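> If you want the building blocks of each chain, they are given just below.
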Amino acid sequence: MLEIKNLHASVEGKEILKGVNLKVGAGEVHSIMGPNGSGKSTLASVLAGRDGYEVTAGQVLYKGKDLLEMEPEERACEGVFMAFQYPVEIPGVGSVQFLTAALNAIRKHRGKEEYDALEALTLFREKLKILHMSDDLLGRSVNEGFSGGEKKKNEIFQMAVLEPSLAVLDETDSGLDIDALKVVADGVNALRGPKRAMLVITHYQRLLNYIVPDYVHVLVDGRIVKTGDKELALHLEEHGYTWAGERALADAAGSKA
Amino acid sequence: MSTTQDTIEALAQREYKYGFVTDIEQEFAPPGLNEDIIRFISAKKGEPDWLLEWRLKAYRHWTELYEAKGEPQWAFLPYGYGPIDYQAISYYAAPKQRPESMDEVDPELLRTYEKLGIPLEEQKWLAGVAVDAVFDSVSVATTFKKELEKHGVIFCSFSEAVRSHPELVRKYLGSVVPHTDNFFAALNSAVFSDGSFVYVPKGVRCPMELSTYFRINAAQTGQFERTLIVADEGAYVSYMEGCTAPMRDENQLHAAVVELVALDDATIKYSTIQNWYPGDEKGEGGIYNFVTKRGKCQGHNSRISWTQVETGSAITWKYPSCILQGDNSMGEFYSVALTNLRQQADTGTKMIHIGKNTKSTIVTKGISAGQGHNSYRGMVKILKGAENARNFTQCDSLLIGDRCGAHTFPYIEVKNKTARMEHEASTSKIGEDQMFYCQQRGIGLEDAISLIVAGFCKEVFRELPMEFAVEAQKLLSVSLEGSVG
Ligand SMILES: Nc1ncnc2c1ncn2[C@@H]1O[C@H](COP(=O)(O)OP(=O)(O)OP(=O)(O)O)[C@@H](O)[C@H]1O
Ligand SMILES: [Mg+2]
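Those protein sequence lines, which keep their order, are chains A and B.
In this text, residue positions in the first sequence follow the working numbering: the first is 1, and each later residue adds one.
In this text, residue positions in the second sequence follow the working numbering: the first is 1, and each later residue adds one.
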């Protein structure tokens with residue numbers, strides 16, 4: 001599904017990603033953990049194609065295609081979804097209008113017939129119901145005046161509607177109360193399937209109790225320094241990232257010797 | 001990969017799809033402006049003497065203004081504009097064939113309006129909208145007249161109103177915008193050729209939207225129309241105007257006057273979608289749109305509401321205003337002005353509070369793209385007798401790209417201490433974050449810009465009659481259109 005090879009990327013001339021290697025197969029859930037500023041959001045942004053992130057080396061293959069060559073909207077239409085760490089408010093643009101535009105852009109790209117207003121609305125209501133979310137947000141502008149938690153839940157709702165093949169969740173669990181956390185986890189789990197893959201960026205092992213990942217990676221200073229299963233997340237919680245970093249250095253030293 | 005900046009550059013190269021010319025035999029007045037020309041226009045229309053005298057008085061006043069200092073210079077037009085040669089303009093252009101009824105309208109004209117999206121055959125037009133079509137200097141057709149007559153509503157061309165309802169025209173013409181008001185109002189009063197006239201009698205709620213579609217076709221002409229709308233006691237009317245013109249390298253002058261009169265308990269809603277040819281990215285060609293629009297809330301509890309969506313013209317100079325004379329009367333101004341290419345707009349409103357408990361609301365949205373310059377100029381004046389007057393003003397500007405400009409010139413004059421004034425203003429750049437968010441959901445850059453801009457304008461769009469809100473949104477998208485990449 002996704003193959004990241006020796007990815008180097010810089011922002012404003014400063015190298016942030018320093019050789020990331022990662023392979024995500026269909027049906028898998030990978031979690032990425034790592035200290036603040038280690039480059040997790042940068043990785044997500046590069047995958048989504050945000051302006052201002054310069055890839056200086058490496059390659060990203062998505063379903064066998066060169067992902068970095070595609071426009072951001074093309075990536076989205078091809079099934080890449082990113083749940084933003086800080087979802088943006090778009091004043092005056094109705095949530096329904098926005099999501100209908102997104103849904104139809106994607107459907108059109110895939111040669112499917114576009115939904116009319118009623119079909120779209122029916123779909124939105126259905127998804128909200130499954131997620132146990134109130135449909136109040138449909139009457140509001142995109143994220144405008146939403147609380148932090150509501151914004152995060154809205155990302156999951158959009159994901160549920162757009163049904164991506166690859167979902168990158170950037171700290172969707174941060175700042176959520178326990179009920180909201182369940183909403184997020186349920187949303188993610190509902191989408192899990194043999195044809196989909198997820199990249200879940202988080203700081204908290206807590207989320208991984210609900211979304212059990214197949215792999216956990218530790219990103220430190222622009223590199224993946226450790227990979228393991230969900231036990232690794234538990235260990236990190238106890239010992240911190242320094243431990244992972246030192247272990248990685250020790251391992252590297254060991255393998256060199 | 002295309003960047004946002006590329007798209008913004010591309011915006012400046014949008015196509016103007018109404019730029020065609022209709023090939024039709026037309027009759028012209030020779031170019032030039034003098035008393036003989038005014039007599040010629042008046043004679044062409046078979047006008048009564050009092051109207052000719054009124055025109056001549058206006059012409060003499062205009063001549064004095066012209067010789068004294070010419071056009072008003074206070075608008076903020078950083079690119080300036082070439083001198084207007086008033087003697088080079090032909091002040092009258094009309095299709096040769098003058099139809100008596102809709103069946104006789106030249107098919108070429110019908111096709112023109114069809115192409116503009118305004119079919120004049122009644123059965124084809126949106127149900128519930130009556131149209132007066134003004135082509136250069138004359139009205140060529142008015143639809144649904146019979147239907148309206150049943151309700152006592154008069155909706156016809158200005159020329160026809162002069163013939164069939166002279167007492168109404170004489171009573172109200174110039175009562176809101178006197179010929180001495182300003183340079184362009186004086187010019188219009190002297191040479192105005194046609195326009196629309198509406199009278200809604202006491203207690204009648206006009207059963208359909210009324211609208212006028214203005215089209216400039218001929219070269220070397222200007223359009224100088226005059227619209228007069230009177231809503232008698234307790235009447236309600238919603239009126240809408242649209243405008244387009246062919247693409248030409250030369251600039252053409254459009255100097256209209258609109259007067260609205262609302263008597264006791266009457267309401268007039270006046271909406272404009274202005275899409276005159278804006279010129280090209282170098283600032284060549286385009287319409288000079290110098291317009292005077294004013295409404296008088298003469299009666300108590302009367303209400304006048306202006307809504308405008310201004311996307312066209314090389315220069316827009318226009319301040320639809322309200323004189324709030326009746327107690328408890330209400331004035332509103334909702335505006336979207338978009339300047340792209342090298343367009344310059346200096347637009348806003350004046351709210352003059354005279355009566356007690358008068359209220360005014362001003363909501364303006366200025367969008368600047370390309371190398372466009374957009375200025376809001378507004379005045380709120382509370383006179384001594386206006387007890388408990390209230391004003392709310394909100395003006396927001398949105399910048400797309402970094403070669404355009406947004407400016408605001410608010411003036412406030414309060415002579416009564418009980419007045420309550422609120423003013424909010426904001427200027428923002430279209431957010432890269434917002435655009436990326438849309439793109440990440442699959443929405444292309446251009447659609448993302450349209451979506452965000454439409455969201456920015458929402459408070460104004462919702463004031464438009466339903467039939468036109470969709471049109472306005474589409475027009476905005478087209479005005480922002482360009483090819484990506
Ligand atoms: N647009 C930018 N301009 C300048 N520096 C940036 C920009 N984006 C990211 N950086 C820098 O890149 C580094 C990595 O940031 P990133 O947001 O990827 O970290 P993160 O791992 O997501 O951290 P957190 O856990 O705090 O969300 C930081 O030092 C950050 O300051
Ligand atoms: Mg981050």
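FYI, nobody ran anything at the bench for these hints, they're computed from the structure.
Note that the structure is predicted; figures quoted are calculated from it, not measured.
Please note: incorrect hints may appear among the correct ones.
[Stated by the list, open to error] Chain B stretches covered by chain A per the calculated footprint, using a threshold of three residues with CB under 8 Å from any CB of chain A:
(1) 299 to 311
(2) 435 to 447
[As the list claims (entries may be wrong)] Here are the simulated DSBU-like cross-link-like pairs (lysine-lysine), alpha carbons at most 30 Å apart as the crow flies:
(3) B:Lys-202 with B:Lys-145
(4) B:Lys-96 with B:Lys-69
(5) B:Lys-429 with A:Lys-14
(6) B:Lys-417 with B:Lys-69
(7) A:Lys-23 with A:Lys-5
(8) B:Lys-356 with B:Lys-429
(9) A:Lys-129 with B:Lys-282
(10) A:Lys-65 with A:Lys-129
(11) B:Lys-44 with A:Lys-108
(12) B:Lys-69 with B:Lys-145
(13) B:Lys-350 with B:Lys-458
(14) A:Lys-108 with B:Lys-417
(15) B:Lys-359 with B:Lys-282
(16) B:Lys-350 with A:Lys-112
(17) B:Lys-69 with B:Lys-381
(18) B:Lys-384 with B:Lys-429
(19) B:Lys-69 with A:Lys-108
(20) B:Lys-429 with B:Lys-350
Cβ coordinates follow ideal geometry from the N, Cα and C atoms, glycine included.
> Hint compliance check: list the failing hint numbers for this structure, sorted ascending.
1, 4, 6, 8, 9, 10, 11, 12, 14, 15, 16, 18, 19
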